[in-house]
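*Asks:* Protein chains in written order, with the numbering used here: chain D, 3 to 140; chain F, 11 to 533.
Among the clues, some could well be false.
Stated by the list, open to error - Below, in silico cross-link-like pairs of lysine-lysine (BS3-like), each with a Cα-Cα straight-line distance of 27 Å or less: (1) F:Lys473 x D:Lys99; (2) F:Lys204 x D:Lys6; (3) F:Lys473 x D:Lys7; (4) D:Lys26 x F:Lys286; (5) F:Lys223 x D:Lys94.
For the record, the hints were derived by calculation from the structure and aren't laboratory data. Since we're looking at a predicted model, the values are computed, not measured.
Now for the letters of each chain:
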Amino acid sequence: MPNKKILIVDDDPDVRHGMQVRLKANHYDTFFAVDALSSMVEARKHEPDLMILDLGLPAGDGFVVMERFKIIPALAVIPIIVVSARDARANKGRAIKAGAKAFLQKPVDTAELLAVIRQALGEPAPAEKPVVYDLGSL
Amino acid sequence: MNEKPLQVLVVEDNAGDARLIREMFSKERRDSFELTHLSRMSDAVIHLAKGGVDVVLLDMGLPDEHGLDTVRRSLAAAPDVPVIVLTGLDDEALAAEAMKEGAQDYLIKGQIESRALPRALRHAIERHRLQTEADLIRTHQMQFKDEFLSHVSHELRSPLTAIYQFVTILLDKLAGELNPEQHEYLEIVLRNVKQLQAMIHDLLEVTRVQAGKLSIEVQCASVSDAVVYAVNTLEGTAAAKGITLSSEMECRLPPVCADPTRIRQILIILLDNAIKFTPPNGAVKVQARRIEEDPNLVVLEVSDSGCGISPDMTERIFERLFQTPDPASAGRKGLGLGLYICKELVTRQGGQIWARSAPGQGSVFSVTLPVFSLAGMIAPIFKTERRRESPVALVVTEIGSQTGWLSDAEHSDGIRALLQRCLHSDQDVLLPKMGSAGAAELFFIVATTDGIGGEAITRRIRKRLDGCGDLERAGLTVSTSYRSLEAIKRNARESMEDFLENAAVKIQGVINEEISSRMLENA
Numbered sequence: 003m004p005n006k007k008i009l010i011v012d013d014d015p016d017v018r019h020g021m022q023v024r025l026k027a028n029h030y031d032t033f034f035a036v037d038a039l040s041s042m043v044e045a046r047k048h049e050p051d052l053m054i055l056d057l058g059l060p061a062g063d064g065f066v067v068m069e070r071f072k073i074i075p076a077l078a079v080i081p082i083i084v085v086s087a088r089d090a091r092a093n094k095g096r097a098i099k100a101g102a103k104a105f106l107q108k109p110v111d112t113a114e115l116l117a118v119i120r121q122a123l124g125e126p127a128p129a130e131k132p133v134v135y136d137l138g139s140l
Numbered sequence: 011m012n013e014k015p016l017q018v019l020v021v022e023d024n025a026g027d028a029r030l031i032r033e034m035f036s037k038e039r040r041d042s043f044e045l046t047h048l049s050r051m052s053d054a055v056i057h058l059a060k061g062g063v064d065v066v067l068l069d070m071g072l073p074d075e076h077g078l079d080t081v082r083r084s085l086a087a088a089p090d091v092p093v094i095v096l097t098g099l100d101d102e103a104l105a106a107e108a109m110k111e112g113a114q115d116y117l118i119k120g121q122i123e124s125r126a127l128p129r130a131l132r133h134a135i136e137r138h139r140l141q142t143e144a145d146l147i148r149t150h151q152m153q154f155k156d157e158f159l160s161h162v163s164h165e166l167r168s169p170l171t172a173i174y175q176f177v178t179i180l181l182d183k184l185a186g187e188l189n190p191e192q193h194e195y196l197e198i199v200l201r202n203v204k205q206l207q208a209m210i211h212d213l214l215e216v217t218r219v220q221a222g223k224l225s226i227e228v229q230c231a232s233v234s235d236a237v238v239y240a241v242n243t244l245e246g247t248a249a250a251k252g253i254t255l256s257s258e259m260e261c262r263l264p265p266v267c268a269d270p271t272r273i274r275q276i277l278i279i280l281l282d283n284a285i286k287f288t289p290p291n292g293a294v295k296v297q298a299r300r301i302e303e304d305p306n307l308v309v310l311e312v313s314d315s316g317c318g319i320s321p322d323m324t325e326r327i328f329e330r331l332f333q334t335p336d337p338a339s340a341g342r343k344g345l346g347l348g349l350y351i352c353k354e355l356v357t358r359q360g361g362q363i364w365a366r367s368a369p370g371q372g373s374v375f376s377v378t379l380p381v382f383s384l385a386g387m388i389a390p391i392f393k394t395e396r397r398r399e400s401p402v403a404l405v406v407t408e409i410g411s412q413t414g415w416l417s418d419a420e421h422s423d424g425i426r427a428l429l430q431r432c433l434h435s436d437q438d439v440l441l442p443k444m445g446s447a448g449a450a451e452l453f454f455i456v457a458t459t460d461g462i463g464g465e466a467i468t469r470r471i472r473k474r475l476d477g478c479g480d481l482e483r484a485g486l487t488v489s490t491s492y493r494s495l496e497a498i499k500r501n502a503r504e505s506m507e508d509f510l511e512n513a514a515v516k517i518q519g520v521i522n523e524e525i526s527s528r529m530l531e532n533a
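With the rest of the complex left out, here is chain D:
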């Protein structure tokens, strides 16, 4: 079975690189985008199974990206995990409302990131956990 594809959108090259190493070691293929525009281009090109989205992007932040993805059917189906240096209490609610599956604060705990990715991709978790219902469809 081919590896699942993850699109990483972050303007910091070191952060992207670090995530790539970690995700590759967990059998995910990765692609990069650095801003709102390239995120759409890359998403169309690679058809990722999931997108990891930083909020603090140049020229249009993560929220803009989520809005744009929502209105295009092919992109709207991609689950989004928001990762940000911004404060969780202030931004988590807004991110979830905008359609994100989860909000993780930088620096992101590795175990948490992998667990959230698995959940968003509908993969079974290694540890025991009951089925989580998808709030997005309510």
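Since the structure of chain D is provided, determine the placement of chain F on it from the hints.
*Replies:* What follows is chain F alone, placed relative to chain D:
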């Protein structure tokens, strides 16, 4: 040099006094002052509201207002216009009070030198202008400082992310095997990254405190859950130092009215400090119990066998950036903000925090938190004027789970958001969230005052949640009911306010019973 004439409003009902004042002004240059004379407060307020007045000469004994109320009304009508009060010979004390209320100066009738009056007016205007400017500058400075700190803290998180990522990648051997030395050094780096992370977090918290943006969601919370969580989190750190970490909790401890995340945060800060300041092979203990003197409080105590604090410092340690000047504190790190944040969090939730200690004798940090009271939470909301006129309903939505994972905050947030969508955006709602200590139920109580009433809302909530197949698959049961206080009230004789308080107390009793019976089941 043609300066605009100063517009002076004289509010004085005594004709003789008014004439004297007018005469004093007549000795000034014609175009330097323009006088308006009114004899009632109500007329003065109208005139002030029109704008254009530079200073008010205010008699405090008017036919329709007197004493400090004259000053208050004048400042309310025109906050930017300085007030000088006119008082009688025996009223200097009152004049001093007037200045506390905001008047710039006072003049004693019958003792005003004619030359002094215009000078006093000019000074008052100038002083007021400087005060306003100073306030504005101070506010801007504080805002700038807070925004600056907030921006810097956020920016610091990005490079920290990259460092953390690659150190953990190395430690997880994704770039090859490590010899023991390499592993040890990388662990040191990781420890310091986490330290830095904690410092940035503290810094941001403090800026939020200053900006009044600390978010605290008070609800029915379990102290024992928080203690268990904190002890679990810090077990490793304590063990690494050979310190015994234990907890002792009174059984049947009532839930408290607090933010569960914040209680955890407070406990972690206190335990972390206790461990830091206790030498190896020492002991740190957390206790939670009710206090005899006050049944409405729960007290948390973190005690340690550490180096102690001198009694004259036990209040200062809660100040910002305070770090004990103890030379024996090798390896002590941190910004010195933890206890400041703790104190802020505790007081904002209606509790108190203090420390008892002596050098060489360890320390005991105590935190009190109010016992949960639904009546306490709801009653103040119902007391506002507006709500007394509209019909009131309490809608209770109970969500049960068979798998017991509903205590996960994220899911209860989702349900809460869902319930909120069932209500109109302009509806006035109180949505205290309650989780019952460790058990698998959550219930939300929506108190609403609107024309539509509890029944309609209940129907809407049921419809929404019934149509949700996912809830069934997740093993959740939902039930919604409402109690129309109006209908119950029809026969009562008390005032709406008292009635609401009593109703809240009754419902509180029912809920308390429910909670303790479930806690017994799960014990």
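*Asks:* A separate judgement is required for each hint: does it hold in the structure or not?
*Replies:* So, going through the hints one by one against the coordinates:
no.: 1; hint: F:Lys473 x D:Lys99; in the structure: holds, 21 Å
no.: 2; hint: F:Lys204 x D:Lys6; in the structure: violated, 31 Å
no.: 3; hint: F:Lys473 x D:Lys7; in the structure: violated, 38 Å
no.: 4; hint: D:Lys26 x F:Lys286; in the structure: violated, 38 Å
no.: 5; hint: F:Lys223 x D:Lys94; in the structure: holds, 15 Å
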